[in-house]
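Participant: Residue strings, one per chain:
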Amino acid sequence: EAAVTQSPRNKVAVTGGKVTLSCNQTNNHNNMYWYRQDTGHGLRLIHYSYGAGSTEKGDIPDGYKASRPSQENFSLILELATPSQTSVYFCASGGGTDYAEQFFGPGTRLTVL
Amino acid sequence: GDSVTQKEGLVTLTEGLPVMLNCTYQTIYSNAFLFWYVHYLNESPRLLLKSSTDNKRTEHQGFHATLHKSSSSFHLQKSSAQLSDSALYYCALRSNYNVLYFGSGTKLTVEP
Chain A
1 EAAVTQSPRN KVAVTGGKVT LSCNQTNNHN NMYWYRQDTG HGLRLIHYSY GAGSTEKGDI
61 PDGYKASRPS QENFSLILEL ATPSQTSVYF CASGGGTDYA EQFFGPGTRL TVL
Chain B
1001 GDSVTQKEGL VTLTEGLPVM LNCTYQTIYS NAFLFWYVHY LNESPRLLLK SSTDNKRTEH
1061 QGFHATLHKS SSSFHLQKSS AQLSDSALYY CALRSNYNVL YFGSGTKLTV EP
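From first to last, the protein sequence lines are chains A and B.
Residues in the first sequence are numbered from 1 upward in steps of one, following this note's numbering.
Residues in the second sequence are numbered from 1001 upward in steps of one, following this note's numbering.
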């Protein structure tokens, strides 16, 4: 079965601090994605990547950066965290078939105080 | 641009009654791929159903859906709800790029 892991699983940060969320996949998928999940908004795409060294902006990229140093790893970086970034963040990997369905990690609950 | 609409944010049903969660979509591309993901509490969202074939019913784990391109719909159905079906359900669209557009989700609660 596809495997996507995220760390940390829970994080409390202070306003203005830097936060890095990490994601690792062992599916050998080219594509990786970062979403945030908020009640009433569903899953919204922040950044995604088509392969090592590439990052693309999703629907809500403001305040976030992404880094894809390898096929397996994809990080989401909040340089100056704000309380509005309190959310649950999901990483996913996908690709390799016509459908290119995505496989999700367990999520990271981030609270910015 | 591409978008997905799930009108019901909350659906509460009694066990044994049929389930129908609505999903409509918008895309300018003819090659639409539609998905239903299910998200149980404290688990990862996972794929429940997928389809790209017009008017063909697809089934998995007791749920079924039919993609109707004429009405841009992909409603999720089940004949008899179970308590274990309580979860958050997302409809999603992939059209021309390897990006999924998710609806806002429907929280299904099944009561005894």
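Source of the hints: derived by calculation from the structure; they are not laboratory data.
Glycine residues also receive a C-beta, built at the ideal position from the N, C-alpha and C atoms.
Some clues are possibly wrong.
[As the list claims (entries may be wrong)] With the C-beta cut set under 10 Å, the calculated list includes, among others, these residues of chain A facing chain B:
1) Val-12
2) Asn-27
3) Asn-30
4) Gln-37
5) Gly-40
6) His-41
7) Tyr-48
8) Tyr-64
9) Glu-72
10) Gly-94
11) Glu-101
12) Phe-104
13) Pro-106
[As the list claims (entries may be wrong)] Not everything, but these chain B residues come out facing chain A in the computed CB check (under 10 Å):
14) Val-1004
15) Lys-1007
16) Gln-1026
17) Thr-1027
18) Ile-1028
19) Tyr-1029
20) Tyr-1037
21) Asn-1042
22) Glu-1043
23) Pro-1045
24) Phe-1063
25) Tyr-1090
26) Ala-1092
27) Tyr-1101
28) Thr-1109
[Stated by the list, open to error] Estimated spans, in silico, between C-beta atoms of each pair:
29) B:Gln-1077 x A:Thr-111: 20 to 26 Å
30) B:Met-1020 x A:Glu-72: 35 to 41 Å
31) B:Lys-1056 x A:Asp-62: 28 to 34 Å
32) B:Gln-1077 x A:Asn-73: 48 to 54 Å
Participant: Work down the list of hints and note, for each, if the structure agrees.
Facilitator: These are the hints, each one checked on the structure:
1. Val-12: violated (19 Å)
2. Asn-27: violated (13 Å)
3. Asn-30: holds (8 Å)
4. Gln-37: Holds - the Cβ of Gln-37 of chain A comes within 10 Å of chain B, reaching about 8 Å at its closest.
5. Gly-40: Holds - the Cβ of Gly-40 of chain A comes within 10 Å of chain B, reaching about 6 Å at its closest.
6. His-41: holds (6 Å)
7. Tyr-48: holds (7 Å)
8. Tyr-64: violated (16 Å)
9. Glu-72: violated (17 Å)
10. Gly-94: holds (7 Å)
11. Glu-101: Holds, about 5 Å.
12. Phe-104: Hint holds; Phe-104 of chain A Cβ to chain B Cβ min 4 Å, cut 10 Å.
13. Pro-106: holds (5 Å)
14. Val-1004: Result: holds, 9 Å to nearest chain A Cβ.
15. Lys-1007: Because about 13 Å separates Lys-1007 of chain B from the closest Cβ in chain A, which is outside the 10 Å limit, the hint is violated.
16. Gln-1026: Where the cut-off is 10 Å and the nearest Cβ of chain A is about 15 Å from Gln-1026 of chain B, the hint is violated.
17. Thr-1027: violated (15 Å)
18. Ile-1028: This interface hint is violated because 17 Å lies over the 10 Å limit.
19. Tyr-1029: violated (14 Å)
20. Tyr-1037: At about 8 Å, which falls below the 10 Å cut-off, the nearest Cβ of chain A leaves the hint on Tyr-1037 of chain B intact, so it holds.
21. Asn-1042: holds (8 Å)
22. Glu-1043: holds (7 Å)
23. Pro-1045: holds (5 Å)
24. Phe-1063: Where the cut-off is 10 Å and the nearest Cβ of chain A is about 16 Å from Phe-1063 of chain B, the hint is violated.
25. Tyr-1090: Holds, about 6 Å.
26. Ala-1092: holds (8 Å)
27. Tyr-1101: OK, holds: Tyr-1101 of chain B within 10 Å of chain A, min 8 Å.
28. Thr-1109: Violated. Min distance 14 Å.
29. B:Gln-1077 x A:Thr-111: 20 to 26 Å: At 37 Å between Cβs, range violated.
30. B:Met-1020 x A:Glu-72: 35 to 41 Å: Cβ of Met-1020 of chain B to Cβ of Glu-72 of chain A: about 40 Å, so the range 35 to 41 Å holds.
31. B:Lys-1056 x A:Asp-62: 28 to 34 Å: Given about 40 Å between the Cβ atoms, the range is violated.
32. B:Gln-1077 x A:Asn-73: 48 to 54 Å: violated (39 Å)
Consistency with the previously given hints fails for numbers 1, 2, 8, 9, 15, 16, 17, 18, 19, 24, 28, 29, 31, 32, ordered from lowest to highest.
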